[in-house]
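Two chains, two frames, a set of hints: combine them into the complex.
Here the protein sequences line up with chains A and B, keeping their order. Under this note's numbering, the first residue of the first sequence carries the number 1, and numbering increases by one thereafter. Under this note's numbering, the first residue of the second sequence carries the number 1, and numbering increases by one thereafter.
The hints are simulated quantities; they were obtained by calculation from the structure and are not laboratory data. There may be inaccurate statements among the hints.
Distance windows between CB atoms, simulated [as the list claims (entries may be wrong)]:
1) 225/B with 72/A: 51 to 61 angstroms
2) 286/A with 280/B: 54 to 64 angstroms
3) 216/B with 140/A: 34 to 44 angstroms
4) 42/A with 236/B: 27 to 37 angstroms
5) 284/B with 129/A: 34 to 44 angstroms
6) 298/B with 534/A: 49 to 59 angstroms
7) 299/B with 286/A: 51 to 61 angstroms
8) 42/A with 225/B: 48 to 58 angstroms
9) 52/A with 298/B: 36 to 46 angstroms
Computed cross-link-like contacts, BS3-like style, restricted to lysine-lysine with a CA-CA straight-line distance of at most 25 angstroms [said to hold, decoys possible]:
10) 121/A with 73/B
11) 169/A with 311/B
12) 196/A with 295/B
13) 191/B with 268/A
14) 299/B with 196/A
15) 192/A with 150/A
16) 360/A with 379/A
17) 311/B with 83/A
18) 295/B with 82/A
19) 191/B with 121/A
20) 360/A with 349/A
21) 202/A with 311/B
22) 299/B with 121/A
23) 73/B with 141/A
Heads up, the beta-carbon is just placed ideally off N, CA and C, and yes, glycines get one too.
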Amino acid sequence: MHSPSTEHVRRLNEHLDIHFDRSWFDEMEARIQKNGPWDDRTKFELAYEAEQASLVRSFDELLCLAHIPQLKPLPHQIETAKKVLHQMRGRAILADEVGLGKTIEAGLVIKEYLVRGLVRKVLILVPASLVLQWVRELNQKFGIPAVAQKKEYMWKTCDIIVASIDTAKRDPHRDIVLGEEYDMLVVDEAHKLKNKKTSNYKFVLELRKKYCMLLTATPVQNDLGELYNLITLLKPGQLGGQGQFAANFVVGKRLPKNEDKLQEELAKVMIRNRRSDGEMEFTKRVVKNIPLTLSPDERALYDGVCNFVRGRYEESRGDLGSMLSLVTLQREVCSSRDAVFVTLVNLFKKTAEDSPLRPKIWELVELIRNVKSNTKAEKTLELIRAIGDKTIVFTEYRASQEYLLAFLKERNITAVPYRGGMNRGKKDWMMDLFRNRAQVMVATEAGGEGINLQFCHHIINFDLPWNPMRVEQRIGRVHRLGQTEDVHIFNLSTVGTIEEHILSLLHEKINMFEMVIGGLDTILERFEKQTSLESSLFKMWAEAKSDEDIRRQLDRLGDSFRHIREEVEQERKERARLGAILNAVGQSVPPEAEVNP
Amino acid sequence: MNARQVQKFVMRYLEATDCHIVEKHPAYVTVKLSPEADKRLTNRSYYWSFVERTGAPPETMTFTFVFDPDKLKAEAEAKQRQSEAKSRQSAASPQASQLLGPSGQPIAGDSILSRYFGITPAPLGTGRIPREEVTFGSKRLLQLFDVVKAEGRHVQLFEEPSAADRRSAESSGYVSYLMVNVKIELACDMKRDELHSFGVDLSTGELHESFIETVAGKKLTPRLPPRVYIARPAVSLTRARTIVEQHVEKLLKRYDHSWAAAAHERLMDELSRVDGYYEDAVKAAGDEVRREVEKQWNKRREEIDWQYRPKIRVSVINGGLFHLKRP
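For reference, chain B alone in the conformation it holds in the complex (with noise of 0.2 angstroms):
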């Protein structure tokens, strides 16, 4: 992601949690989170239970972030070089010239000393709200990604009637879908994923790939549309779960599995590096202690194990069902 598709993510949140932007700025966002992206992003459990029991009126925190922490200090730096000619144009006399230190930096009142020693309170930055840089791989949006992961897992979703359809006197056709966005992760020491997005017609059980992008475009709405019957589904829940786990391992059947084998491979050399040397342990060690070396032995064995076994994960990282008119 680079820091636009950040800031486009970011501000997509903020708007569906109904937060108030109060600046907005090509490179930063000054917004007054709404009540929940307040629960979900600043950690005052405390503070949200006291307010919930006592009623008293929430004050959510108002944060900026930054988004192109390189563009804004390039900015402030033109800014800074603009005025300082200006004040080097109208400081003409000798007074107001700047007493220069030795290595040629102005000395401002001594304020690093002075400061230190707690004589002059240092100046009051921004005002009190927290800024903050939110980048690919920064905290903030990491925790951003745990907050919607974990609150967009299961939708339902209904296409909504174009205008025509509305005045027409029969109601429209739709067809049920069971998206399944599923991730599958390939790792034994090292580690590869792959995403896929499944839609299982549940009136056939037909499986189309890409569903996302089918219905990227389409205007969607949470409440069924008036006058529009949506049929029972005629494949069932655990039958669409069967029909995409048999997709998946026929597609997984057609990779190219040596990265697994090099990963057995690994895996039967490392065992056996243990099992001399523990064999070669084991005989030279006493009565009381053979036990004891045996555990051990165990143990590498496991881990070495857990280190390299080759393995597929493919587990579900959301879905739901989409009504969508029949094309």
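If we strip away everything but chain A, and leave its shape as in the complex, we get (with noise of 0.2 angstroms):
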């Protein structure tokens, strides 16, 4: 916006102006005074050669990808670059669905305004836990040097910086940030900002910027007045003032009128891609259940235990609150005795020592103890060899995972740990063993973002977590868009214990196995007003009079899941009518163009 003081200005025409910057003349005066000193010829030449490739030889070509043939973006992706470059002219809200490579799409535009020069200063707002995700991925796919925001001086000196709203919009980092101009401003998660009471919003508003991108999965959540003040961060006046859009477009929460002026007016400036839709596109997943029955030495240890929580449960007089390492207990157990043991172990440290529990909980160790099979990870290791291909064995538990990779490891099967403890590199480097040389992943969390395991389509839950949520992140990890054969799925579960409980209610009641459900999270969400489920479901356990008894509940559980689910797919056709205007805005992408990592 400034302009230098060795700037010599002539105007060309009624409305274009010639800017003259004369500083190489003062220099030059100053070495022909001087007699020197001159530069060297080679570095001459190749700084004219240097700036011959560095040249923009056009307005509207696609010039970034030359300049990062490691990546290779989805032609969706390069479409939807191109259209914010030269039909949005860099304000964009990015809306694709989840997955679809919203930052490949940044990426590429932020780039494409380096490489021409129009771009120094960008400023990347994204939630704390994706700033250095969002470095990473900008340094190694797109070259890009951007930086973390770390230290105050920062802001000054780094030009591509990415940092957490909520630091920059706090002293003493505000006053610097709003006294900046930036060349280009993006914002991840921008539904975030969608009520514009929020300090926020408020601070988004009042940052100074030439060019901005907004990315969000889910533009409108709940109503129409938030996409509207998305549109007035980006470009204020675009679905007129405030009670324009009200009269024109508005009839209630969720309900537009004017559909198609809506959508012509949404689709100058939202680009949002879907996948070419849905459900039908996904391979089918095969379920299995694999009924153990318990080796003697391990049912003497499923039934101490047992004993032991319900008594410390009925001690407690049905006070849940104390009860998480009873509940802990009463899961690790169903999966192995190594999880047990560590558990255990620890409550034993935490108990006083003349509490009358302590003997107890050494008769539990030494049940351990006597413990020689492990049914579990024999099976698996036969289905491991039965498939003979990549697997994914999945387990709620640290101990168990040791205990498997050291199990593995002792019969010759190459086996990677993954846990969410690890830090982003390591996660890497365990996700590419796996790919490329060993045949089993064993590891104890799915969640999280980038672990795409097309490649594999095997998966066995060692134990079950007693959250539908959790179950769904597993298997979703495996058949999701990109994968392209079915998806096998063995769920091993013991006979006669609480698991066999958990997959009933998991598999025949809420049919979690087989299908896609959709708005899990929702319904999931409701289901746990009172309580959580898990906790409901120790509950039920533990007071629980007979077998016939928990059937009887389980099937009350289910009852009121289906309730629920079907509460929630009536809302969902509801809110389609405006969801179908936020899809007619962009493209629908084939399955194949899943973002691989």
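The following block contains the structure:
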């Protein structure tokens, strides 16, 4: 925006000026006066060649692709970048569905502007947990020298900075950031800016920016006003003033009118690519439940732990608050003796020395010592050998994971670990090893970003989480777009244990494994309004008088789940009309266009 | 720039800065940097200030720059196939054959796990020479671009007299030119560049185009050759600047500037959209926030101007005095 003092301006026509930069001549004058120093001829020629090579020869060709040979963007991503650059003129809402590569699209646009010399200073505001991931992607995939904001001075010294909005809007950063002029502002997870009364919204509104991209997979969550607010950040007046907007486009909170016109206006500022839908395109899930009978020594341990847990539960008169470790114990005993051992030892350490509990705990530890067989691990090994292909084994417990790794290693099966606590680099390394060298991955974590394992289509659930969301996450790592094979899921469950009931709830009552449940998170949120599913399950188990009792209770849980699910589906249908408008903005992307890591 | 052009570019820089080429391969080069190149490329200002203050002998870094990763990979694979074929022939006895895992890959003493748990150290790679891919768009090449752009801005060069000239009794006649390499940037919310090389004859003020090509084949030296007389230029630097600027202006006048007209129209459109929004907003605002809203309005108008206003920037990327033999 500012012009240097050595600039000489000449008017070319009514709306075009030529700005001559004369600084080179001033320096030349000085060198002639002092007769040098003169630069080297080769460097002089190379400088000319360098300028020639980085010359922007036309207004509208996409140059950045030549600069990122290692990245092969998908057709819809290139299409989107072009649209942002040439039609939306660098101000856009990127509203692709999750997993279609909004970051790649944003990266392409930033890179293009950098290459063209239209952008130097870039501010990227993202949730704190995504800062490093953004920096990494921009560095590695795009060769964009982005840095994570750590120190106050960096706002001024670093041209391309990634920061969390919560940091940026706080003192002492706030005034510095608001004092800068950003050639490009990017806000990820921009739906967090839907409310114009929040400090985040006001902060972003105050920022000075030339180009701007807002990234969100859910531009509208509850009502149309949210979309209006987002667009006002980007291009105030695009949908008219507040009053005009309400009069022209809104009937009810979720009910638009003049849909064609609204769609047309939206298409000017928003791009929404979505999967060419939906659930039909997924390959099949083939579920096999494998009932296992515990060996006598394992059975003895299981019964011992059950009695112990029930005893404690009755003593505490149903107070669930203090029962957390008991819940854990009850679940771990279904996984492996190693898992239950770690918790028992910790419990032992925490118990007072004179407590009557101590000998009881010790008895259980003795029982563990007697366990010689491991029915589940043997079965897992058998399955892995029979599969003879990449297999991912999920367990809830770190101890079980380590046990399994050692167990498989002794039997000459290459397996790599994967867990939440690993840093990004290690996670990537483990994924690489699994892809290229190891047959098996033993994972404790399924959530989190960037774990795409479409090259594998066998899952063994060594034990089951009690939370359906986590079950879905596990399967979702493998059974996603881009998976070309049917996915085989093996559920290990031990007969006559709590696990059997959990499996029956998840499989038969909720029908968790065979289909993708839309809006599972919403369903669960409502389902768990009072207490979490986990604690109601535990309570049910601890209080049940008989197996029959449990089964009845499970039926009731399953019924209410189904009920909520129907309710949610109904609402989704209502919302579909609004969704259809959003979806008309952009193209649908064939399923093979899933973004690979 | 393709891989070959990048390679040529980098090699010319390395040679110009007296770097020591350790190994040269069609796809890569291993080079021990000269102190000059090391200072520019390795970002070790602390180390260099230490060397300078203590007078310790400097130890420069060695790099392997890979220009054609695909070629190198293909070569390595071919080599591996060859050696595999060889080992298959020699390993006829069953003990020597590799143990295969269930999915067919060899089990190499479980090195993945042992490495993960830190039992056996990872095998040392190719020594401690950092290996880098230098392709178009890579950080290293961009850095090199910046280095040469900063260090190749002003030159003074003399054409070397031929042997015949040297023998002749008369001193050769020389003409001085000011070479000015100009970048023209036509920018609105999008942008396009042009590069021009002008040479201004400093005795007549005549301007030549594509001057860099005129000079390209000539033998040039930074030192004044013996028995060469350079006349004092009749045209001053300021005058030469005016000649160049006027020429550029004339050049640009002839261009089709519909791009600027279109950008100007967009600018007006955008301004009226923002104005429409804020006129309403200001009316609706209470007294206490009105000033705030007006400030915001102003800010948005500035941003739009910044984004769309078409303009042409003309800057000199480099140039210098060229004293050439009279043709």
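Hints versus structure:
no.	hint	result
1	225/B with 72/A: 51 to 61 angstroms	holds, 54 angstroms
2	286/A with 280/B: 54 to 64 angstroms	holds, 59 angstroms
3	216/B with 140/A: 34 to 44 angstroms	holds, 39 angstroms
4	42/A with 236/B: 27 to 37 angstroms	holds, 29 angstroms
5	284/B with 129/A: 34 to 44 angstroms	holds, 38 angstroms
6	298/B with 534/A: 49 to 59 angstroms	holds, 55 angstroms
7	299/B with 286/A: 51 to 61 angstroms	holds, 59 angstroms
8	42/A with 225/B: 48 to 58 angstroms	violated, 19 angstroms
9	52/A with 298/B: 36 to 46 angstroms	holds, 41 angstroms
10	121/A with 73/B	violated, 37 angstroms
11	169/A with 311/B	violated, 34 angstroms
12	196/A with 295/B	holds, 17 angstroms
13	191/B with 268/A	holds, 21 angstroms
14	299/B with 196/A	holds, 18 angstroms
15	192/A with 150/A	holds, 23 angstroms
16	360/A with 379/A	violated, 31 angstroms
17	311/B with 83/A	holds, 23 angstroms
18	295/B with 82/A	violated, 33 angstroms
19	191/B with 121/A	holds, 17 angstroms
20	360/A with 349/A	holds, 13 angstroms
21	202/A with 311/B	violated, 32 angstroms
22	299/B with 121/A	holds, 18 angstroms
23	73/B with 141/A	holds, 20 angstroms
Hint check: violations occur at hints 8, 10, 11, 16, 18, 21; the rest are consistent with the structure.
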